[in-house]
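Trainee: Residue numbers (the numbering used here), protein chains in the order written: chain A, 608 to 769; chain B, 319 to 908.
Take the hints with a grain of salt, since some may be wrong.
To be verified - Straight-line Cα separation of at most 25 Å, DSS-like style, residue types lysine-lysine; simulated pairs: (1) A:617 / B:905; (2) B:479 / A:656; (3) A:612 / B:423.
Said to hold, decoys possible - Quick partial rundown of chain B residues pointing at chain A, CB under 8 Å, derived from the structure: (4) 483; (5) 486; (6) 489; (7) 499; (8) 501.
No lab work stands behind these hints, which were simulated from the structure alone.
In this text, a Cβ means the ideal position worked out from N, Cα and C, and glycines have one as well.
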Amino acid sequence: MHLRKDALEKIISICARYKDEPSPLMLVLSDVQKEYGYIPLEVQEVIAKELNLPVSDIYGVVTFYSFFSLTPKGKYVIGCCIGTACYVKGGQLVLDKFSDLLKIKPGQTTEDGLFTLDALRCIGACGIAPAITINGKVYPKVEVKQVEGIINEYRALEQKGA
Amino acid sequence: MALVNIYIEGKHYQVEEGLTILQAAKACGYKIPSLCTWRNGECSLASCRVCLVAVKGARGLVPACVGRVNEGIEISISDPKAVKARRTNVELLLSNHYFDCKSCKKNGHCELLEVANTVGARPEMYQGAKTPTTKDELAPALIRDTSKCILCGRCIEACKKAQGIGILGFENRGFNTIVAPVQNRSFNNVPCIQCGQCTLVCPTGALMEHNEIDKLDKAFEEGKIVIVQTAPAVRAAIAEEFGEKIGTAGTGKMVAALHRLGFYRVFDTNFGADLTITEEANEFVERFLKGDANPMLTSCSPGWINYIEYYYPELISHLSSCKSPHEMVGAIIKSYYAEKHGLDRNNICVVSIMPCVAKKFEKERPQNSVDGVQDVDVVLTTRELAQLIKRSGIIWNKLPDEEFDDDLIGDYTGAGVIFGATGGVMEAAIRTAHYLVTGKEMEPIEFEPVRGLKGIKEATLNLDGKVIKVAVCSGMRNAKVILDSMKAGTCEYNFVEVMGCPGGCVNGGGQPYVNPAFLPNEDDDILDTYIAKRASVLYKEDENRPIRRSHLNPDIIKLYNDYLEGKYGSHRAHELLHTTYNSNREKYKD
Numbered sequence: 608m609h610l611r612k613d614a615l616e617k618i619i620s621i622c623a624r625y626k627d628e629p630s631p632l633m634l635v636l637s638d639v640q641k642e643y644g645y646i647p648l649e650v651q652e653v654i655a656k657e658l659n660l661p662v663s664d665i666y667g668v669v670t671f672y673s674f675f676s677l678t679p680k681g682k683y684v685i686g687c688c689i690g691t692a693c694y695v696k697g698g699q700l701v702l703d704k705f706s707d708l709l710k711i712k713p714g715q716t717t718e719d720g721l722f723t724l725d726a727l728r729c730i731g732a733c734g735i736a737p738a739i740t741i742n743g744k745v746y747p748k749v750e751v752k753q754v755e756g757i758i759n760e761y762r763a764l765e766q767k768g769a
Numbered sequence: 319m320a321l322v323n324i325y326i327e328g329k330h331y332q333v334e335e336g337l338t339i340l341q342a343a344k345a346c347g348y349k350i351p352s353l354c355t356w357r358n359g360e361c362s363l364a365s366c367r368v369c370l371v372a373v374k375g376a377r378g379l380v381p382a383c384v385g386r387v388n389e390g391i392e393i394s395i396s397d398p399k400a401v402k403a404r405r406t407n408v409e410l411l412l413s414n415h416y417f418d419c420k421s422c423k424k425n426g427h428c429e430l431l432e433v434a435n436t437v438g439a440r441p442e443m444y445q446g447a448k449t450p451t452t453k454d455e456l457a458p459a460l461i462r463d464t465s466k467c468i469l470c471g472r473c474i475e476a477c478k479k480a481q482g483i484g485i486l487g488f489e490n491r492g493f494n495t496i497v498a499p500v501q502n503r504s505f506n507n508v509p510c511i512q513c514g515q516c517t518l519v520c521p522t523g524a525l526m527e528h529n530e531i532d533k534l535d536k537a538f539e540e541g542k543i544v545i546v547q548t549a550p551a552v553r554a555a556i557a558e559e560f561g562e563k564i565g566t567a568g569t570g571k572m573v574a575a576l577h578r579l580g581f582y583r584v585f586d587t588n589f590g591a592d593l594t595i596t597e598e599a600n601e602f603v604e605r606f607l608k609g610d611a612n613p614m615l616t617s618c619s620p621g622w623i624n625y626i627e628y629y630y631p632e633l634i635s636h637l638s639s640c641k642s643p644h645e646m647v648g649a650i651i652k653s654y655y656a657e658k659h660g661l662d663r664n665n666i667c668v669v670s671i672m673p674c675v676a677k678k679f680e681k682e683r684p685q686n687s688v689d690g691v692q693d694v695d696v697v698l699t700t701r702e703l704a705q706l707i708k709r710s711g712i713i714w715n716k717l718p719d720e721e722f723d724d725d726l727i728g729d730y731t732g733a734g735v736i737f738g739a740t741g742g743v744m745e746a747a748i749r750t751a752h753y754l755v756t757g758k759e760m761e762p763i764e765f766e767p768v769r770g771l772k773g774i775k776e777a778t779l780n781l782d783g784k785v786i787k788v789a790v791c792s793g794m795r796n797a798k799v800i801l802d803s804m805k806a807g808t809c810e811y812n813f814v815e816v817m818g819c820p821g822g823c824v825n826g827g828g829q830p831y832v833n834p835a836f837l838p839n840e841d842d843d844i845l846d847t848y849i850a851k852r853a854s855v856l857y858k859e860d861e862n863r864p865i866r867r868s869h870l871n872p873d874i875i876k877l878y879n880d881y882l883e884g885k886y887g888s889h890r891a892h893e894l895l896h897t898t899y900n901s902n903r904e905k906y907k908d
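Please model the entire structure based on the sequences and the hints provided.
Mentor: Below is the structure:
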């Protein structure tokens, strides 16, 4: 895969943004993730060159933090919390239900590119456990029987938009 | 250096300020087990947690490899909590280990097993799921087997710090963490130069050379004429494998062992080194006089060739076109030697014993074949030769000293021998270039400025008014400095010797492991001195050779007269002894 010229320039400009930081890698990766939704190897090579780091260092950071992704994410990213509190309150069952209905495992994206399902470890919303987030919007005290409705809500939104 | 007062088990000692607890304890006569430190803390990630000690007043146990001594510190190695913690941490490492020790080629050199014994670990203590494993056997030089990896990170540090490359890294998180090239790829599909420095630091068998003893066995079985050659650096280290002190010359016994292993002829790669010098010095003089040596770079080290091809392809035109010495010997055996003796070149198997793992890769480059027949068929490292000798029941100490076979290409000079140490190729080339430029032999013959272990050495020569600036570097971290200056246009050298491994071939990726835990008769500072000790073997052999200039080797003179059209750099010489490089190598092959 070759990067488009505009993408290449954009990534280089993001790297330049943090050139005076003592440790710019996380800041750069975070901006690239937000800009493109994922950080493939080709992009990591560019960042490696710009920051003068081995590609393996960057790959290590990208695969360490679940915030970073190596593959494109769906339009709607469903984050199901299975941290301790949410797990105890049935977070795993909610996650399994999403997984069943969307026919994908956590970490995967639906074929139509609409949904990505992520399993998260504590999003700091233990008081409203089990919680999920969809593109930043928090759903409190989610029950398994609500899951189908939530998915349909976004599918309807998509149809209206189309 | 200021001294501080420290106490170990209540005993008072004075040590240098700023040392780690591990170093200080060593200076006081204590050995704390550790699996992630290497070379006195050069690589230390504090990842293995095997060196925990109790320090009075500290919140918890302290890893000795990163904790530093301060005035009045009270350390206990025997504290019951520390003893237990060290044992538990090793047991946890073992819980993710597969214990196929019987078939593991690191058996006998395994630091994990040694440390497990030391701390009294019980391997069966913790049992459960194991991290999924990968075995990469695709690369010709190296094998990576994550089932043996303990995630200490030494290889990562060796690749990044010693070589400045950084192929290996930690990947994923928690239980799924592995040490691997990006995307858990094969070494063959990343820009790894296959130098094997990682194999020298790996405490277990997770990183090993690609063993080729089976290939050799097959050649014997098929009734091939198997001819062996040994690189200069091998003789400087092979004796270590049999319990001799580092720095013991093993030339005579090694040749005797090879004679007893069934080889048809035992030759010295030094003949090839001499041939490399006549060709390379001639190429240099031609390029220099044309103004096309700004600088010329040597081409003997296959790890270095991989490096420039992957990372600085735009500078490839600076490389000498000479093949490396063992490839030259292979090419000459399969042409000149075969023809003179009426042997079928297709029925000859050339085996190179090398201090190098990258040579395993090099022999398979398509450029190193003539009419589809590889110049060299099998490359064994010094370590593999030791296995071969042990397997055959040969007792090293009882071997006599024997000479290489004197058969057409048997003679070698002192100039060839010193190829194995950083600066040796340059010194040998200067001896011949001096003659080519001035018509006179260089006196004195030694050229001190290029000797020694400094990362980058430089010198200036004046050959009858022609000023030549030379430099010598080893380790890719140092080569990078010179390559960057070439790119920036600030490089003033005419001739640069580059060796892939720090210290040159004597410290090659295929050389015996230097691990103090297994070397009770060596001095404490052996990790700082072993490279120089090995190099001194070669300089001594050079001193004692009757002929010390490559162009005066009688077998070389005869080869040129009989076969290579009577002159250096002839058409025939180019066909057989020169190669081409690939400026278009894909870094991340799919």
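Trainee: With reference to the structure, classify each hint as holding or not holding.
Mentor: Going down the list of hints, with the structure as the test:
The straight-line distance between the Cα atoms of residue 617 (chain A) and residue 905 (chain B) is roughly 23 Å, inside the 25 Å bound, and the hint therefore holds. Note on residue 479 (chain B) and residue 656 (chain A): the hinted pairing holds, with a Cα-Cα distance of about 17 Å set against a maximum of 25 Å. For the proposed pair residue 612 (chain A) and residue 423 (chain B), the alpha carbon gap of about 49 Å is over 25 Å, so the pair is violated. The beta carbon of residue 483 (chain B) comes within 7 Å of a beta carbon in chain A, closer than 8 Å, and the hint placing it at the interface holds.
Evaluation of the residue 486 (chain B) hint against chain A yields a held restraint, the C-beta minimum of about 6 Å falling below 8 Å. Because the smallest distance between the Cβ of residue 489 (chain B) and any Cβ of chain A comes to about 5 Å, under 8 Å, the interface hint for this residue holds. The beta carbon of residue 499 (chain B) comes within 7 Å of a beta carbon in chain A, closer than 8 Å, and the hint placing it at the interface holds. The interface hint given for residue 501 (chain B) holds, since its Cβ lies 7 Å from the closest Cβ of chain A, which is under the 8 Å cut-off.
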